[in-house]
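Trainee: Use the sequences and the hints to build the structure in full.
Taken in sequence, the protein lines are chains A and B.
Anchor point for the first sequence: position 194 equals 194 in UniProt numbering, and the numbering is continuous, going up by one each time.
Anchor point for the second sequence: position 55 equals 55 in UniProt numbering, and the numbering is continuous, going up by one each time.
Source of the hints: derived by calculation from the structure; they are not laboratory data.
Incorrect hints may have been included.
[Stated by the list, open to error] Here are the simulated DSSO-like pairs of lysine-lysine, each with C-alpha atoms no more than 30 Å apart in a straight line:
id, chain 1, residue 1, chain 2, residue 2
1, B, K118, B, K93
2, A, K284, B, K7
3, B, K6, A, K284
[What the hints assert, rightly or not] One-sided excerpt, in silico: chain B residues whose CB lies under 10 Å from chain A:
id, residue
4, L4
5, I8
6, S32
7, Q34
8, P56
9, G64
10, S70
11, R72
12, T98
13, V136
14, R138
15, G139
Even glycine gets a Cβ: it sits at the ideal position worked out from N, Cα and C.
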Amino acid sequence: MSTLGVVVQVVLLIVVAPYLVGVMRQVRARLEGRAGAGAGQPWRDLRKLFRKEPMSPAGSSWVFVAAPAVLVASTLVIAAVSPFVATVSPLDGVADLFAVVALLLLGTVALALAGLDTGTAFGGMGASREMTVAALAEPTILLAGFALSARVGSTNLSAIVERGQQSPGAVLSPATLLAAVALAVVVVAEAGRLPVDNPSTHLELTMIHEAMVLEYAGRDLALVEFASALRLTVLLGLWANLFLPWGVATTASAPALLLGVVAFVAKVAVLGAVLAAGEVFMAKLRLFRVPELLAGSFLFGVLAVSSSFFLA
Amino acid sequence: MRQLLKKIRSTGRVAEPAPERAGDGDVVLRGSVQVRHVDAGSCNGCEIEIGSAFGPVYDGERYGARLVASPRHADVLLVTGPVTRNMAEPLRKAYDATPAPKRVVAVGDCARDCGVFKGGYGVEGAVGDVIPVDVVVRGCPPEPPEIIEALRGLTGR
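Mentor: Here it is as structure tokens:
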């Protein structure tokens, strides 16, 4: 029965991820006075891209071909093991904070290598920028993770979520609030959203994520776009369940799973809409100021860890 | 931030109501067309119109058309201007870099038959002389609704 929870969770994330991107674009369009293409547009784009001819640039190697598959696979593993819908899972042992961070980084590195493999100026530039952002963001994830796990005594994500459900007051503790701010900045940076990166930019000189994927076409591009939508969903879902753990199923019964699904969709949709609305009021940060932002979030992480020891 | 919020609330929706549906659209591309714009030597008159076709008022994105940054991501090349000698090869390269199935939309009288630049020493020819053209949008420059109309013929929305 607990296997059912994992299957439901993976299918849900696969279906929901492109819709989340569609909803976020729609929120932006409405705030900008446009009509918008509708929440289903990313799925229409993916369906079309899967029917198109894949192309590899001259001189690129197997790294270029393998990267989209690695990116999708590593993100799907996170989707399967993390407690998004249910905390009871046969994969519970893998749902470790460090494992999830490592899997996220695996996808990032695969895509950065693919960007280098194309041999174009923009691919290399995007890869170098992505690695800069990742190197500054990872320590913050780990520190914020320490702050959350110190309270529970385990880095298991399910254990952290379950503890959060048992003692709702702990969500308002200084350590958790500081960690929430630190992780929010990191989620924005890792998902490539404003003000760190602009997902809808056409200016090659300002691109980070988009610059690495400029050479992908057809099916490979569909995988990359799907993976970035899935990553965004996974990151928002993790943030939501670590700091707002209500609704996550702790038993594998059908009603509990249903509640888990509804709660997850609601939380991610609200967070996505808030993120998209916030982006309307924001311009992209100059690249050299991104480290300042991430250093700020690192500071929040340090404060979260210290307060989790001294104020606990 | 409060000023911007006030402006958003007072402006509301500026997109004009969508005209009647254009047709069934392309079978493979149905509902989603990624557009790469290639300026092959245009005077930038057509670019201004393309820019406003994807602006808030005409909002080409609501029909499933979206401008992208790379011909590898594109289904449609939106080519403007007479093809100059310097841009003939880049245009061919951009066409070859676009994955099949692909369509070419020639925007403006210059792209159709070189317009006022016909016979100029720097002009290689019309877009149709360099790469195969599927749809032609006439006008100097064509108005945004006409460009949108051509793109809706491909998306079918």
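Trainee: Measuring from the C-beta of B:L4 to each C-beta in chain A, is the shortest one below 10 Å?
Mentor: 6 Å, holds
Trainee: Does the interface hint hold: is B:Q34 within less than 10 Å of chain A, judged Cβ to Cβ?
Mentor: 7 Å, holds
Trainee: Is A:K284 close enough to B:K7, meaning Cα to Cα at most 30 Å?
Mentor: The hint holds at about 21 Å.
Trainee: Close enough to count: is the Cβ of B:I8 nearer than 10 Å to one in chain A?
Mentor: 6 Å, holds
Trainee: Does B:P56 pass the interface hint, meaning its C-beta sits closer than 10 Å to a C-beta of chain A?
Mentor: 4 Å, holds
Trainee: Return the status of the interface hint for B:S70: holds when the least beta-carbon distance to chain A is below 10 Å, violated otherwise.
Mentor: With a minimum Cβ separation of about 4 Å from chain A (threshold 10 Å), the hint on B:S70 holds.
Trainee: Please verify whether B:K118 and B:K93 have alpha carbons no more than 30 Å apart.
Mentor: 23 Å, holds
Trainee: Is the interface hint satisfied for B:G139? The criterion is a beta-carbon contact with chain A at less than 10 Å.
Mentor: 24 Å, violated
Trainee: Return the status of the interface hint for B:T98: holds when the least beta-carbon distance to chain A is below 10 Å, violated otherwise.
Mentor: 8 Å, holds
Trainee: A closest beta-carbon separation below 10 Å is what the hint needs, so does B:G64 meet it against chain A?
Mentor: The hint holds - B:G64 has a Cβ within 10 Å of chain A, the shortest such distance being about 6 Å.
Trainee: Can B:R138 be said to touch chain A, with a Cβ gap under 10 Å?
Mentor: Violated, because the Cβ-Cβ distance from B:R138 to chain A comes to roughly 26 Å (cut-off 10 Å).
Trainee: Does B:V136 pass the interface hint, meaning its C-beta sits closer than 10 Å to a C-beta of chain A?
Mentor: 23 Å, violated
In this structure, the earlier hints numbered 13, 14 and 15 are contradicted, and the remaining ones agree with it.
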